Amino acid sequence: MASSKSIKNRIKSTKSIKQITKAMEAVSAVKMRKSEQVALRARPYALAALEVLRGLTAKMDNDFSSLSPLLDQTRSDQPNCLLVITSDKGLAGSFNTNVLRKALKIVNNDPTLEVIAVGKKGRDFLSRRGAKIISGYTGAGDFVELRETEPISKFVKDGFEQGKWSKVTLLYTNFLSALKQEVVARKVLPFDFKSLTSIIEGITPTRGKYANMPQVLGVDQKESAYSYEPNASIILDKLLPTLLEIEIHHAVLEGNASEHSSRMVAMRNASENAGELIDSLTLEYNKARQAQITKELTEITGGAAALEM
Amino acid sequence: MGIKNFMRLYIYKLDKTLYEGDADVVSLPAEDGEIAVLPHHAPIVTSLKKGTISVKNDSDKKVFSIESGFAEINQEQTILLVK
Chain Z
761 MASSKSIKNR
771 IKSTKSIKQI
781 TKAMEAVSAV
791 KMRKSEQVAL
801 RARPYALAAL
811 EVLRGLTAKM
821 DNDFSSLSPL
831 LDQTRSDQPN
841 CLLVITSDKG
851 LAGSFNTNVL
861 RKALKIVNND
871 PTLEVIAVGK
881 KGRDFLSRRG
891 AKIISGYTGA
901 GDFVELRETE
911 PISKFVKDGF
921 EQGKWSKVTL
931 LYTNFLSALK
941 QEVVARKVLP
951 FDFKSLTSII
961 EGITPTRGKY
971 ANMPQVLGVD
981 QKESAYSYEP
991 NASIILDKLL
1001 PTLLEIEIHH
1011 AVLEGNASEH
1021 SSRMVAMRNA
1031 SENAGELIDS
1041 LTLEYNKARQ
1051 AQITKELTEI
1061 TGGAAALEM
Chain P
280 MGIKNFMRLY
290 IYKLDKTLYE
300 GDADVVSLPA
310 EDGEIAVLPH
320 HAPIVTSLKK
330 GTISVKNDSD
340 KKVFSIESGF
350 AEINQEQTIL
360 LVK
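Sequence lines, in order, name chains Z and P.
All residue numbers for the first sequence refer to my numbering, where the first residue is 761 and numbers rise by one.
All residue numbers for the second sequence refer to my numbering, where the first residue is 280 and numbers rise by one.
One or more hints might be untrue.
Listed below are the simulated DSBU-like cross-link pairs for lysine-lysine, each with C-alpha atoms no more than 30 Å apart in a straight line [stated by the list, open to error]: (1) K998/Z / K295/P; (2) K335/P / K998/Z; (3) K341/P / K794/Z; (4) K927/Z / K914/Z; (5) K947/Z / K292/P; (6) K794/Z / K362/P; (7) K328/P / K914/Z; (8) K362/P / K914/Z; (9) K998/Z / K362/P; (10) K927/Z / K947/Z; (11) K295/P / K794/Z; (12) K295/P / K914/Z; (13) K940/Z / K295/P; (14) K362/P / K917/Z; (15) K849/Z / K778/Z; (16) K335/P / K947/Z; (17) K292/P / K927/Z; (18) K292/P / K998/Z; (19) K917/Z / K329/P; (20) K924/Z / K362/P; (21) K849/Z / K340/P.
What the hints contain is simulated information worked out from the structure, not anything from laboratory work.
Since this is a predicted model, take the numbers as computed values, not measurements.
Kindly generate the complete structure, drawing on both the sequences and the hints.
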């Protein structure tokens, strides 16, 4: 049995670990709530922008893809591009592992694939595995403002407009509730209406406090009676990059909320485990102490008995 | 006269809602020049350039400055997406 001193040391260090994990849990809980709120703030805007786009597409169903390079569905010989969103820091349970497992599968199936990595973990992991990282962004974990994600969307937009890629896919973790997140891969470029709708509808979490947000602008678009000023294609040119920005911004925010919530859960488990460990170590310590006392008593009585003989 | 003489106005910024409510008049910096929107305006979608939006509702007047944006205007409501 270990000496009581070394057990005492272990109890002490386990206690301080528990304190740290508890603090991290509290911090992550606050950050999670914050990123969830931020993600929801963007919802009315995104819905309204989608309405405008719906009106526009209804008006110009003829030869859609010639209107903007961002709508070009016809490319096939350029490499594909994958935008992976992970965190900078670890200790977030299986958050990064889940994303990266899926990313690795995609990377292995597509040798020409180019990767844009958001988050240190994803960048380091994928470059070790031989993926072609063309750009990396860090510090996304605390992004809130649109201008913080703007460089990413600008890079994607410029690259696509220059014809570097035939398809851009976004791989991120969708925040469903504090306990449930799922990794999703969504095609963002070239734009098509269906994938846009699914992304914007995904803004509301399925459960929890914000699940029953009303659809602010669920009105049916009457057959495009709108006139467009100065003209439809100029508006489309301005609207599409905005939508791309929203999409990427939103994916980063979802990723953040998921990161913080899975860190929170991981830290809660760690604190619980630390508590259990402390309990069993305390038991062991008491046993060792009792054994020591018993041993001393036997020695004393043994010694006394020896003297009486 | 059963016609409402005001419109619903929504002004959304990506990270917050700037205005949500009724308005009598709103003037916008449209791409081709300043326009003022009154209730029952013809349906129109336009892009906005840098400038200020001013909203008048009864005696209230509010001014927002924007970088760029879009406006979707129809008979009943006006939606502004701004940056």
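Okay, the hints, checked on the actual structure:
1. Restraint check: the Cα-Cα separation between K998/Z and K295/P comes to about 20 Å, which is no more than 30 Å; the hinted pair holds.
2. Annotation: proposed proximity of K335/P to K998/Z holds, straight-line Cα distance about 28 Å (limit 30 Å).
3. At most 30 Å may separate the alpha-carbon atoms for a hinted pair to count; K341/P and K794/Z meet this at roughly 29 Å.
4. The suggested pairing of K927/Z with K914/Z holds, with an alpha-carbon distance near 16 Å, which does not exceed 30 Å.
5. For the given pair, K947/Z sits about 25 Å from K292/P by alpha-carbon distance, which is consistent with the 30 Å threshold.
6. With a CA separation close to 22 Å, the supplied pair K794/Z and K362/P stays within the 30 Å bound.
7. In summary, the hint linking K328/P to K914/Z is supported, as the alpha carbons are separated by about 20 Å, within the 30 Å threshold.
8. Taken as a hint, the K362/P and K914/Z pair is honoured in the structure, with Cα atoms around 16 Å apart against an allowance of 30 Å.
9. Of the supplied pair hints, the one linking K998/Z and K362/P holds, its CA atoms being roughly 12 Å apart against a limit of 30 Å.
10. Among the hinted pairs, K927/Z with K947/Z is consistent with the structure: their alpha-carbon atoms are about 7 Å apart, no more than 30 Å.
11. The straight-line distance between the Cα atoms of K295/P and K794/Z is roughly 14 Å, inside the 30 Å bound, and the hint therefore holds.
12. Distance hint between K295/P and K914/Z is fulfilled; the C-alpha atoms sit about 22 Å from each other, no more than 30 Å.
13. For the proposed pair K940/Z and K295/P, the alpha carbon gap of about 27 Å is at most 30 Å, so the pair holds.
14. For the suggested pair K362/P and K917/Z, the alpha carbons sit about 18 Å apart, so the restraint of at most 30 Å is met.
15. For a cut-off of 30 Å, the pair hint linking K849/Z to K778/Z stands: about 19 Å separates their Cα positions.
16. Of the supplied pair hints, the one linking K335/P and K947/Z is violated, its CA atoms being roughly 42 Å apart against a limit of 30 Å.
17. This hinted pair checks out: K292/P and K927/Z have alpha carbons roughly 29 Å apart, not beyond 30 Å.
18. A distance of roughly 16 Å separates the Cα atoms of K292/P and K998/Z; the hinted pair therefore holds under the 30 Å criterion.
19. At most 30 Å may separate the alpha-carbon atoms for a hinted pair to count; K917/Z and K329/P meet this at roughly 22 Å.
20. Using a Cα cut-off of 30 Å, the hinted pair K924/Z and K362/P holds, with the two alpha carbons roughly 28 Å apart.
21. Under the criterion of a C-alpha separation no larger than 30 Å, the hint pairing K849/Z with K340/P is inconsistent with the structure, at around 47 Å.
The structure does not agree with the numbered hints 16 and 21 stated previously, though it agrees with the rest.
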